[in-house]
Structures are given as C-alpha cells and as structure tokens.
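S.K.: Fit chain P to the given chain G structure using the hints.
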Amino acid sequence: MTGPARSGAEAGSTALDAVRALLDDAVAHYADVPAAAARLEAQRRRLDEPLRLALVGRVKSGKSTLLNALVGARVAPTDAGECTRVVTLYRHGATPRVELHGTDGGRRTLPVRRADGGLRLELGGTPPEEIAQLVVDWPTDDLLRATVVDTPGIASLSTGTSARTHGFLGADDGVAGADAIVFLTRQPQPEDVAVLAAFQAGTGGEGALTTTITVLSRADEVGAGRLDALHAADAVARRMSADPQVAAVSSAVVPVAGLLALAGRTLRHGDFVALRALAGADQQQVSRMLLTADRFTRPEAPVPLPAEVRTALLDRLGLFGIRLSIALVRAGVPDATALAEELLRRSGLAELQRLLRVHFTERGAQLRAGTALRLVEEVLAEHPVEGDDELRAELERLRLATPDLGELALLARSRAPHGPLPPELRAEGERLLGAEGTGPAARLGLPAGTPDDALRQAALEALARWRTAADDPLAGRATADAAEVVVRACEALLAALDRSAAAGRPR
Amino acid sequence: MGTSAQLLDRAGALAEVCGRPDLQRRLLQARARSADPRVRVLVVGEPKQGKSSLVNGLVGAPVCPVADDVATVVPTVVRAGEAPRASLVLATGPGGIGGGSPDDDGPTERVPVPVDQVAARVTGEGTDRLVQAEVELPRRLLDGLELVDTAGVGGVGAQRALRTVDLLPTADAVLVVSDASQEFTAPEMAFLEQAAALCPTVVCVLTKTDACPHWREVAELDRGHLARRGIEAPLFAVSAALAQLAVQHRDRELHEESGIGALVTHLRREVVDRAEVLTRRALVHDLRAVTEHLSLAVRTELAGLEDPSAREELVRGLEQARAAADDLRRRSSRWQQVLTDGVTDLVADIDFDLRDRSRVVVREAEEAIDAQDPGPMWPELSEWLDRRIAAAVADSYVWAEQRSEWLAERVIEQFARDGGGAVPALTVGAAGEALAGLVELPTVDDGAMTLRERTLIGLRGSYTGVLMTGLVTSLAGMAIINPVSLAAGILLGRKAYRDDQQQRLQRRRSEAKAVVRRHLDEVVFQVAKHLKDRLRTVSRTLRDLITDTAEEMSRSLADAVAAAQRATREATAERDARIRSLRQRRDQLDRLAADVRALERAAVAAP
Numbered sequence: 001m002t003g004p005a006r007s008g009a010e011a012g013s014t015a016l017d018a019v020r021a022l023l024d025d026a027v028a029h030y031a032d033v034p035a036a037a038a039r040l041e042a043q044r045r046r047l048d049e050p051l052r053l054a055l056v057g058r059v060k061s062g063k064s065t066l067l068n069a070l071v072g073a074r075v076a077p078t079d080a081g082e083c084t085r086v087v088t089l090y091r092h093g094a095t096p097r098v099e100l101h102g103t104d105g106g107r108r109t110l111p112v113r114r115a116d117g118g119l120r121l122e123l124g125g126t127p128p129e130e131i132a133q134l135v136v137d138w139p140t141d142d143l144l145r146a147t148v149v150d151t152p153g154i155a156s157l158s159t160g161t162s163a164r165t166h167g168f169l170g171a172d173d174g175v176a177g178a179d180a181i182v183f184l185t186r187q188p189q190p191e192d193v194a195v196l197a198a199f200q201a202g203t204g205g206e207g208a209l210t211t212t213i214t215v216l217s218r219a220d221e222v223g224a225g226r227l228d229a230l231h232a233a234d235a236v237a238r239r240m241s242a243d244p245q246v247a248a249v250s251s252a253v254v255p256v257a258g259l260l261a262l263a264g265r266t267l268r269h270g271d272f273v274a275l276r277a278l279a280g281a282d283q284q285q286v287s288r289m290l291l292t293a294d295r296f297t298r299p300e301a302p303v304p305l306p307a308e309v310r311t312a313l314l315d316r317l318g319l320f321g322i323r324l325s326i327a328l329v330r331a332g333v334p335d336a337t338a339l340a341e342e343l344l345r346r347s348g349l350a351e352l353q354r355l356l357r358v359h360f361t362e363r364g365a366q367l368r369a370g371t372a373l374r375l376v377e378e379v380l381a382e383h384p385v386e387g388d389d390e391l392r393a394e395l396e397r398l399r400l401a402t403p404d405l406g407e408l409a410l411l412a413r414s415r416a417p418h419g420p421l422p423p424e425l426r427a428e429g430e431r432l433l434g435a436e437g438t439g440p441a442a443r444l445g446l447p448a449g450t451p452d453d454a455l456r457q458a459a460l461e462a463l464a465r466w467r468t469a470a471d472d473p474l475a476g477r478a479t480a481d482a483a484e485v486v487v488r489a490c491e492a493l494l495a496a497l498d499r500s501a502a503a504g505r506p507r
Numbered sequence: 001m002g003t004s005a006q007l008l009d010r011a012g013a014l015a016e017v018c019g020r021p022d023l024q025r026r027l028l029q030a031r032a033r034s035a036d037p038r039v040r041v042l043v044v045g046e047p048k049q050g051k052s053s054l055v056n057g058l059v060g061a062p063v064c065p066v067a068d069d070v071a072t073v074v075p076t077v078v079r080a081g082e083a084p085r086a087s088l089v090l091a092t093g094p095g096g097i098g099g100g101s102p103d104d105d106g107p108t109e110r111v112p113v114p115v116d117q118v119a120a121r122v123t124g125e126g127t128d129r130l131v132q133a134e135v136e137l138p139r140r141l142l143d144g145l146e147l148v149d150t151a152g153v154g155g156v157g158a159q160r161a162l163r164t165v166d167l168l169p170t171a172d173a174v175l176v177v178s179d180a181s182q183e184f185t186a187p188e189m190a191f192l193e194q195a196a197a198l199c200p201t202v203v204c205v206l207t208k209t210d211a212c213p214h215w216r217e218v219a220e221l222d223r224g225h226l227a228r229r230g231i232e233a234p235l236f237a238v239s240a241a242l243a244q245l246a247v248q249h250r251d252r253e254l255h256e257e258s259g260i261g262a263l264v265t266h267l268r269r270e271v272v273d274r275a276e277v278l279t280r281r282a283l284v285h286d287l288r289a290v291t292e293h294l295s296l297a298v299r300t301e302l303a304g305l306e307d308p309s310a311r312e313e314l315v316r317g318l319e320q321a322r323a324a325a326d327d328l329r330r331r332s333s334r335w336q337q338v339l340t341d342g343v344t345d346l347v348a349d350i351d352f353d354l355r356d357r358s359r360v361v362v363r364e365a366e367e368a369i370d371a372q373d374p375g376p377m378w379p380e381l382s383e384w385l386d387r388r389i390a391a392a393v394a395d396s397y398v399w400a401e402q403r404s405e406w407l408a409e410r411v412i413e414q415f416a417r418d419g420g421g422a423v424p425a426l427t428v429g430a431a432g433e434a435l436a437g438l439v440e441l442p443t444v445d446d447g448a449m450t451l452r453e454r455t456l457i458g459l460r461g462s463y464t465g466v467l468m469t470g471l472v473t474s475l476a477g478m479a480i481i482n483p484v485s486l487a488a489g490i491l492l493g494r495k496a497y498r499d500d501q502q503q504r505l506q507r508r509r510s511e512a513k514a515v516v517r518r519h520l521d522e523v524v525f526q527v528a529k530h531l532k533d534r535l536r537t538v539s540r541t542l543r544d545l546i547t548d549t550a551e552e553m554s555r556s557l558a559d560a561v562a563a564a565q566r567a568t569r570e571a572t573a574e575r576d577a578r579i580r581s582l583r584q585r586r587d588q589l590d591r592l593a594a595d596v597r598a599l600e601r602a603a604v605a606a607p
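Protein chains in written order, with full-length UniProt numbering: chain G, 1 to 507; chain P, 1 to 607.
No lab work stands behind these hints, which were simulated from the structure alone. The beta-carbon is built from N, C-alpha and C at its ideal position, and this holds for glycine as well. Careful, some of the hints might be misleading.
Each pair of labels, with its calculated beta carbon distance range [unchecked claim]:
1. G:PRO127 / P:GLU220: 15 to 25 Å
2. P:ALA371 / G:ALA312: 52 to 62 Å
3. P:ARG507 / G:ARG426: 28 to 38 Å
Isolated chain G (complex conformation) (with noise of 0.2 Å):
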C-alpha cells in the first residue's frame, strides 16, 4: 500500500505525539502518587517501543511453532511436552540477546547458544517461578514492526505454569503485557473463551475485539494429516468462525498449519535432497512407509536414507509436510526454493500475516495510543487530583482528534449485541472503518488495483449513504455518532484518494 497506508501511518503518529505529551503530563502530575506514577511511566515508556503480539494458548497449541514460523527460526524450544514455562519477549536486535528478568527486578544475562540455525534457551539453574520474564533480542527484519510474546499453556496440570500467563495478560501491573493477541486453538474450549474475556475486560472493554484473532493452528492434522487436510481445516475455520461466542471475543479465524510454515521458512538443500530422494523411490512402499512416525524412523527402509536423516526430516517437517512435499517434488517442483515457498504458501501463514498487519502492525501506532489512553482515563477515575481538569480536557480532545481511535473503537463496539450500528448496515461499516484491511479498495470492497475514478465514485456514494444514514432524524444518538464516525472515515479515504491522485498523475 502506497499513499493510504502512509496517510494513515503519519496519522497515527501524530496522534501518538499527543498522547505522548499527555502522558508525560499526567506522569507529572501524578508525582504525589506512585502506584498510579509506576503505571503511567511504565505505559509512557511501552508507546515508544514496537507493537506487543502475545501468541495464548492451551498446552501444546503450537505456540512456540507458529512463534518460530513468524520469526522464521527455531529461537522458542519447542518439545514433545508441554516445554514453555516462562513468558519471552522476541524484540528486534542487532545481535543475539537472552536477559532474564527476575521476579525480584533483577535482570542478567544469559549465554547465547545457537543450535540449528536458532536458539537454545537455558534458564541457567533459575527456577521459572523466580523469573518474569525472558526477553530475547533477535537480528531479524519480521521483528522490526512487532515484538512478538511466547506465553505458557493455558489450562496446564503443572502448577503456576498457567498462572504465569494470566498475571501476563491481566496487567497484574496495572499495564497489559501484550497490545494484541494472537489466540491458537485446535477446538476452541469453554475454559479458554473465558480466558480471551477476562483479557479483554482487563484491556478495557473497548478496542477489545479488533485486539484479537484467532488461529486454528496445527491445522495439518485436521482430518489426521490426508492431503487435502488444509481445505478441511479451511472448512472448520469457517464454521468457527460463524460461531457466535467465538465471535464475541476475536474478529477473524485462520487456519494455520505452523509446522509446515516453519519448515517452509528453514528449509535447507539437504532437506530437499532426502525428499527427493522419497519421491524418487517406490512409491507404494514410500506410502506404506509413511503410514505412521514410526515406521517412518524404523531402522531399515526401502530407501537409501540413513535412519538419522529420516528423524530429523520428521521433526522439520512432520508427517504431514512430508507427505506434501513428496507429492509436491513428484508433481514438479525443481528445487528447495520453490518448494519452500509451496509449503509456505500453503501452510496459510501469509493470510495470518496478511490479517496481523492489517489488524495489528498497521494499526500498531493507535492501538498503543487507544491503550495509553485507556490507562490515563483509568488512573484519573482511580486517582482525582487537583488540576486534573487540564488532563481531562486533553484527553477528551485527543478523543475527538485522532478519528482512527474512534474508528478502533466503534470497530470494536459493533459486534457486541446491540451495537450502535445498524444491523443492515453494519457489514458495510465494519469495512470502511477497516476491519478487512485499511486500504481504499479494501474498505470499500472492491477488488485491490481498481482504477482510482472508480474508487473516488464508490467512496462518494458510500460517503452519501452515510450522511443519510447520520442525519436520519429517527436514529438513535449513539447510532448517529457511528454513522458521523463512518462519515469521517469516508471522507479521510477520499482526501487520502486525492492526495495519491495528485501525488500519482507524473507516475
């Protein structure tokens, strides 16, 4: 996205300029005070730093695979049982990084072992109860616009373990851990549901839902790893989605296969030498080899590959993967390269990123700004001091300034039963405030790369619509104020048009 995603990019940090100033104002005022100081402070300080993504859920959802998936590494360990015990933070770095934080506020740090192209995380003897939290710094660009937070299982049988999640999320410190949430499940649970609410009840209500998506992960074993077990997947994701208390709590579902993604992220030549190799040996004794993992690693096999090599292709890849890859090499793919983007392509982390940067790290500017804002509203309910007024004053209008925060907002409210829009004219709404993406084709609906005129038309008769719809005198107030806050945001999708018209013509 060229002109509007700038647009809305140089918007947002206007906006958190103010937010800043606000802070630093409230942080000042709030000297005498230092509970609500330490809050402020610590939120004044997390508007400067990128994006927080927290990846929550169950035990073994695949947490730590889809984190390394997306940061296109093996840095979070990953092992048959339940292996995270600790939250880590994955920020950006020049060069490799392990601190530790303790729960005591100390902090040290950890000897960087590299083992397989990623990271081997040691506690060096601390115990996980005495730790907050790990924060690992990682050279990699997909770091750059988010710090991505590997969080314990939800609903584990070893003690604490959950528990350290929670304290996570639900802003023990009075500041939420993460900005946005990426939830994975393989059959949402009623437990877990519960555990998005109280989040989102922590995080404020508001701004809530657009905060969420969620992931069907594992998707690869959907319908026990057949081939076409993606498009099932596909299909239950739908069906997910369609469900109303799903619904409630998170704003898309994607199926996600995170295995095949990271191995399409690290797939090396050698990998593609063994399943070639597959490919090229019988194939009814290939198939019956790949019946299941352990006739796969058995000692003696059919094919000239060393039982070592078959082990490790298992654990990159899974069974799955395999059994994908070798009819992808059988159907023509020439090389590793080709092969990895098939198995990313189809692994569905693009749509995952595609849906996150919409949501999430194009937004990422509001919706730190939304949960300062949040916060200072929070503490001055909590804490009135003399001369707050000013204070008062100020975040009413940064409010009433920054559209995209009431777009967030609305965005967020809409869903919830009796939203403020109008049921027939809701999905129409959602889009033009950006639920499906923050580009003009996009808000309007209309396929990307339509000509700039039709654009224009499109977003003019949107434009009109609403207006109607705003100045409805049998409306509602609260539906009237959405329709103005829709109205808005036609009319910065129109300014936006002109400026990348004017900007374009030369072009």
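M.R.: Just chain P now, kept in the frame of chain G:
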C-alpha cells in the same frame, strides 16, 4: 458340577421341599441378576480426540460418524447381535431432549436404518429429535459388552456435554480418550477424576499414534500425571486409522502396530471378565448362604433323630442359637440406628452443600449484573447461569452418591461382622433428571425501547419545561411557545429521558437479581427434593436388604430349634422314615454345597 443355572434350579427345588419361600425368593433375585451380565463401556473425551474412530476401530466397521469438524452429537450404542442391524431412537413426545438416560426420557420411537448409513444419519441436519443410535454387530468383542460412543465433553456450543457426565454412573467402565499430540490438560484431568469417582473401571486411551511422532513421550507424561493424582487407570496407545487399514488389507502386522489388540484384550480380560467374576461371586455367595441355611435345619433334626442321647445337649446348643438370634435382633436395632442417623446427617449435609453452592452462584451472578446492564446481556447471563447450575448440581450428586455408598458400607459392617453380604448397587441418580423438571429462566426487559416510547418520555419532560418557562416568559410579553421556552423544553426533555433511562437500568438490575435468586431457590428446592427422595430410596433398599437377611437367619435358627424339639417327641417308626428322607436331603445338600464350592473355585481362579 453343573452350570450356575442348574445349581440355582437344584437349590430352588431343595428350598421348596424344606418349605422356605424366603430363600426361594433370594434365589430368584440372584437368577435375575446373573441373567443380564451386559457390561456398558462409555467412550468419552473432549471433542476431536478420535472417540468415534476408536469405536469404529474396535468393532472394525464404520458405524460412528467421523468428520473433520465436530460430528458426534448423540450417543451411539454398539452391542452384540446375531446380524448387523441398526436403528435410530427418536423422541416423539414434546421436549424429549431433556437429559438423563434415554430409557426414561419420555416417549420414543425406533426407526430401523441400514447399518452402512447409520453414521451418516446421526450427524448434520434433522438430528434434533434424535436421542441415540443403536447398532448391533456380530462381533466376539461385543459378547456381554456394549460400547457407547458419546458426544465430546466441553467444546464451545456443545449443549449436550452434560448428558455425557450424566451417563457416567450407568457405566461399568469408561474409556477416556485423548489424542497423542499433547499431554493431559487440566480440564481433561478434572473429567478423569470425576469419572474415576463415579465409575469402577477407568481406562485411558491415547489415540492417533500414527500421526504423532512423539506419542511415547506423551504417554509417559500422561502416566506420570495419572500417578501423581493417584488415579489408577491403565493407558493404552492406539491408532484407529491403522486398525481400520489392517481390517481392509487383512494385514496382521498393521493390526499389531495399531495397538488396538492390547486394548481389546484388556477390555475382555479386565472389564468383561471381571464383571463376570463379580456377578459369579455374588451368585456363589447367595448359593452358599442358601445351602448353609437349609443344611443347618436338616442336620440338626438328623442329629437329634440319630442320637437321642445327645438330644439334650443339642437342645442346649439350640438355646444358644436362639440367644444368638436374639442378639442378632438387638444388633439390628443398632444398625437401624446407624442408618437413620446417617441418612439424617446426609440429608442435612446435602441440603447445606446445595445451599452453599447456590449462594456462590448467586453472588457471582449479582456481581455480573452490577457490572453491566443485565438487559442486553441476559441471554448470555442465563446461559452462563444454566451452565453453572448444572455443574454445581452435578457435583452435588457425585458427592451424594459417594456419601451414600460410604454410609451403606458402614451400616453393613455394623450389621454383619460375619461377612453377611456385599454392598448392594445404590444409585442416587443423575443431575439431569432433577434439572429436567425445572422451568426455564424467565427473561427480563432487554432495555431496548421503541422510538414511540422514547419520544413519549422525552415529550413528557419537555412539556412541563415548555409550559413552565413559557408561562414565565409570557409575563414578559412573549408567546407561550417561544425560543426560550422551547430550549428549556428540550433541556428538560433530555434530562427526563436520561433519568428515566437510569431508573430503568436500576429496575432491570433489581429485577434480574430477583429473577436469579428466585430461580436458584427453585433449583435448590427441586434438586433437594429429588435428592431427598433418592436418598430415602437408598435407605429403604438398605433396610430391606438387611431386614431380609436378618429374618432369614433368625428363621433358620428357629427352624433348627423346632426340629430338635420335634425329634425328641417323634416315634421310632416314623423316625426311621424321617431319618432316611433327611439323610437323602442332607446328601443332596452336601452335593450341592460341593458343587457350589467348585463353582467358587472356578470364579476365584478365573481372574
């Protein structure tokens, strides 16, 4: 040695000859118990763990629905039959889907369907009236065993999950299914603990071992979890997909790998055979008791007739026996005391427990109502409430069942130090039955107002505003309707509207709280009544059982005393004939006793 049925016949005939109808009745009951030895095995677990696939793998036929998304919504019962046959059980009465077991769920009808279509017919559209599916298959595994495939426990949008918990007490064994991709989670372990409390045999099954390379590690972790919680349940790792392939290709190696063979063997050996051993043990116990009772009378009379000199000593011995009988009666007053006290305590405890649980629910509900406007969120709130109530009541039932079993054990221990009898089967029943009779939660005003109402409220406020200000300004020579009075009207109208909204919210809140409280009172009342009725049945069963046994014993003793006295009086000629017939009878009894012992040895050797 004969079969148990023949032994029962012989014992019955002898009891008739000796004129003991009470013992005959006991034999009849024993026969009825041993006639239906079918063992019910529930297959349970969270959604998408492979329960239906496992059942299909066990019976080697696709009788349960398997799909990528949640497929099983009603139980499928698979049992032995001479030929493959299937039928759907549909509710015919209104509101037939109420919970509880399908047998007492109101009117139902059976619709036969082809076996190869039953899986397709129980999933998807048109399953609203479906209560359960039943399949009969000629399989050796199913001899004396029925498998019940259930809907997953938990899962968003699965309203029928509670039914699965309801089915637990009716089962002889439970297969808890979890797939090999992850170790047990906390909800799964909670369910396992519930199952272990309600069901004599629990078996864990780890499925999908074909697709998960690390299933051995997961199995070890799970065994560790089970051991830490003190749940004694064996764990089997199986692959239903391999088992199915093995059937298709008739491949022995695949069958070995699938691990299903070990599970089948365990089911047959530990579950079915053990259930058989238990029924047989009970049967042997009954037979032996009857034989002993009978031979006591015969032997005493015989001894009296054969050796008149020992008669007096005999009579003395019998006097002692009579004293024993009196003692028995005294003891019976003690056990009655224990029973009455226990039941009173139990009822009080359960009442308290229920009230306590309901108070917690009320408190939580009130917090939720205070935090939000109850109007719009009422559907969610009532659904949440239903769920909480169901869970709380189910817990109460589990507790009541455990407590009553404990009470039964204590009473029987008190009564029969000589090993008088096994604990009878006591069921408190299931939570669903009590909740089924409950009325729906009434709705509260959802707070949405029509435009007309809103306008009216606004107008009512603005009317006074316009009038008041208008009157004042009219003094200044303006018309009553002028810009100032209109502005005042609008202001007051808005205020009236807002005040009204606030009032309505308050009213909705208090109304919602009252509704919740009333509803919970109703629940507590209904459930407590149901539980008390059930507990009364339990105590009656116990009392009848023990009274019967006590009567049998005292009657045997009294018979023996009478016989000894008769022996002292009877004439010699008659005596000889009597002795002959008594000897014959004694020999018959000895033979019977020997056969019963042989049967008992077989029963002991079997496990």
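S.K.: Against the structure shown, which of the earlier numbered hints fail to hold, in ascending order?
M.R.: As far as the earlier hints go, not one is violated by this structure.
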